[in-house]
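With the sequences and hints as input, model every part of the structure.
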Amino acid sequence: MKGISFGQYYPSDSMLHRMDPRAKVVLAVLYIVCTFLCNNVLAFAALLLSALLLVCMSRIPLRLILRSIRPLLLIIALTSFINVFMTKGEQLLTPADWRIQIYAEGVWNAVFMVLRIMVLIIGTGIFLTYTTTPLALTDALELLLSPLKKIHVPVHDFAMMMSIALRFIPTLSEETEKIMNAQKARGANFTTGGLLQRAKALIPILIPLFVSAIGRAFELASAMECRCYHGDEGRTRMRVLKFQASDALAIVLVTLFGVGLFFLNRLGIGYTRIS
Amino acid sequence: MSESFIHTENLCFSYLDSEGKRESPALKGISVDIKKGEYVAVLGHNGSGKSTFAKLLNLILEPTGGRLVIDGTDLTEKELNDDLLLQLRRKVGMVFQNPDNQLVATIVEEDVAFGPENLGIPPAEIRIRVDEALEAVGMTRYAKHEPHRLSGGQKQRIAIAGIIAMMPQCIIFDESTAMLDPNGRKEVLDTIRMLNRDYGITVLNITHYMNEAALADRVLVINDGLLLLDGTPDEIFAQRDLLERVGLEVPQCADLIYRLRSLGVSLEGSAISTPEGCAAMIEAAYKKQQEGGKAHG
Chain Z
57 MKGISFGQYY
67 PSDSMLHRMD
77 PRAKVVLAVL
87 YIVCTFLCNN
97 VLAFAALLLS
107 ALLLVCMSRI
117 PLRLILRSIR
127 PLLLIIALTS
137 FINVFMTKGE
147 QLLTPADWRI
157 QIYAEGVWNA
167 VFMVLRIMVL
177 IIGTGIFLTY
187 TTTPLALTDA
197 LELLLSPLKK
207 IHVPVHDFAM
217 MMSIALRFIP
227 TLSEETEKIM
237 NAQKARGANF
247 TTGGLLQRAK
257 ALIPILIPLF
267 VSAIGRAFEL
277 ASAMECRCYH
287 GDEGRTRMRV
297 LKFQASDALA
307 IVLVTLFGVG
317 LFFLNRLGIG
327 YTRIS
Chain L
261 MSESFIHTEN
271 LCFSYLDSEG
281 KRESPALKGI
291 SVDIKKGEYV
301 AVLGHNGSGK
311 STFAKLLNLI
321 LEPTGGRLVI
331 DGTDLTEKEL
341 NDDLLLQLRR
351 KVGMVFQNPD
361 NQLVATIVEE
371 DVAFGPENLG
381 IPPAEIRIRV
391 DEALEAVGMT
401 RYAKHEPHRL
411 SGGQKQRIAI
421 AGIIAMMPQC
431 IIFDESTAML
441 DPNGRKEVLD
451 TIRMLNRDYG
461 ITVLNITHYM
471 NEAALADRVL
481 VINDGLLLLD
491 GTPDEIFAQR
501 DLLERVGLEV
511 PQCADLIYRL
521 RSLGVSLEGS
531 AISTPEGCAA
541 MIEAAYKKQQ
551 EGGKAHG
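Sequence order for the protein chains is Z and L. If you read the first sequence in our numbering, its first letter stands for residue 57, the second for the next number, and so on. If you read the second sequence in our numbering, its first letter stands for residue 261, the second for the next number, and so on.
Treat the hints as calculated values from the structure; they're not laboratory data. A few of these clues could be false.
Computed Cβ-Cβ distance ranges for the label pairs, DEER-style [as the list claims (entries may be wrong)]:
1. Z:270 with L:307: 18 to 26 Å
2. Z:115 with L:263: 53 to 61 Å
3. L:384 with Z:71: 24 to 32 Å
4. Z:229 with L:270: 41 to 49 Å
5. Z:247 with L:384: 50 to 58 Å
6. L:398 with Z:71: 33 to 41 Å
If you want the footprint, here are the derived chain L segments under chain Z, 3+ residues with CB under 8 Å [as the list claims (entries may be wrong)]:
7. 339 to 352
8. 366 to 379
9. 383 to 390
10. 421 to 433
Note that beta-carbon positions come from the ideal geometry of N, C-alpha and C, so glycine has one too.
As structure tokens, this is what we get:
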């Protein structure tokens with residue numbers, strides 16, 4: 057458990073890694089919009105191409121990225137299944153007297169849906185989790201959301217909570233392991249029995265874990281007070297984020313890409329998704 | 261160096277019980293005067309009130325009675341507002357027992373920067389302070405590491421660096437070595453010694469390890485909420501019987517001298533707090549005996 061690392065950050069020195077995290081958050085949002093703009097074969101082809109380009113630019117092994125899609129395979133399979141069988145269209149693929157009828161539109165819709173989900177995961181992964189450390193991400197979100205402070209949204213507090221949570225995940229997971237071992241040594245059994253029994257077996261782990269987490273929280277609070285923490289009033293940062301011309305350029309490019317997709321949809325070449 | 265940094269008179273504190281009433285006092289009146297640049301160890305067994313004492317000096321807890329003066333600011337009868345607390349905590353830093361529970365950030369240098377960031381120091385200066393603090397505790401090469409991958413001693417040194425970066429005049433170590441292995445303990449103790457000697461930082465080391473107390477210039481023994489003894493380690497460890505009565509054991513070397521003396525061996529000197537001092541005393545006595553034997557023969 058000691059080697060556990062959170063987020064999927066992949067250390068490298070690509071252009072995407074060096075980008076301002078704020079720009080990357082904006083880009084991720086823009087890219088998500090782009091995936092939803094696509095409606096026809098041409099637009100999806102362009103989208104897929106852009107995703108491949110991003111993978112190349114980020115210098116992250118493709119294998120690693122494909123692995124991140126694995127947990128979503130079930131959802132992907134389910135949505136494509138529903139799309140294939142439930143979409144009614146004009147072009148019937150199966151013989152008319154079959155009870156199950158599949159239309160060409162359904163197959164297209166399924167393919168589009170799968171592509172959209174995959175590009176969505178790859179895009180956000182590359183802009184956010186793979187190339188940005190959790191810390192930089194928290195910083196970026198805090199800065200981007202800071203206008204909300206004017207309407208009394210405690211943005212700084214949320215960001216602080218988030219970074220403390222990230223800091224304590226490995227500590228608490230190590231502790232969980234210790235508690236589990238201690239309970240195992242006293243004959244606890246976590247691996248056999250029905251679902252209910254296994255869930256019950258977790259109680260002796262969760263209770264000590266919560267008690268110690270609360271104890272830690274108190275100590276951390278005093279330690280933070282001792283280090284003069286008093287919210288974000290008058291607080292400075294060691295690392296100052298610099299928004300560079302290249303960051304602005306990237307945002308412009310992705311926006312243009314979105315506009316391009318919009319026009320590709322209009323061309324009406326190939327199958328256009330019906331909703 | 262003789263200027264007083266912490267001055268207490270009859271300092272008292274009692275915790276609130278679950279019904280909001282004051283329990284029997286944890287501190288029953290402590291009067292000490294700690295000078296700038298001193299290295300003071302505070303000894304006491306569990307529940308003696310030594311940690312409460314430390315927390316009062318940093319105003320994590322507010323005294324319920326007595327007088328407390330820190331660096332010329334009399335805090336008695338003063339309303340403790342946020343500005344005043346910040347100003348005080350900037351002067352008096354504190355390192356706690358569990359290194360895991362005082363590190364805030366996921367990257368070492370970010371954690372060290374936390375204190376100065378809170379003080380509102382300009383970014384360029386924070387950078388300099390962080391680099392210097394890491395250098396001082398010998399952790400520069402771990403600047404970009406994740407704290408949870410470091411050893412206990414290393415984590416504690418990062419915690420110390422986080423305090424140094426705030427440039428306090430005094431650092432209180434509240435049993436900061438209690439959770440460390442012998443190597444980690446040595447690392448931290450060497451760092452404490454260095455801070456006191458090279459940076460002139462006033463050090464208060466709250467501990468129940470006698471060998472740690474022996475490293476200090478001055479030892480305070482707290483028992484049952486009262487100041488029992490106050491003196492140099494040599495003076496304190498000479499009072500073996502008294503210490504034993506309050507549940508403290510003197511270092512082994514001091515114990516050896518005590519036992520030899522009670523067997524009737526005449527040993528001169530008083531440097532009983534370090535093994536070297538004790539060895540020298542025994543050596544001197546042995547030589548004297550041999551010379552005496554030669555003179556007879």
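### Message
Which constraints among the numbered hints does this structure fail? Numbers only, ascending.
### Response
none
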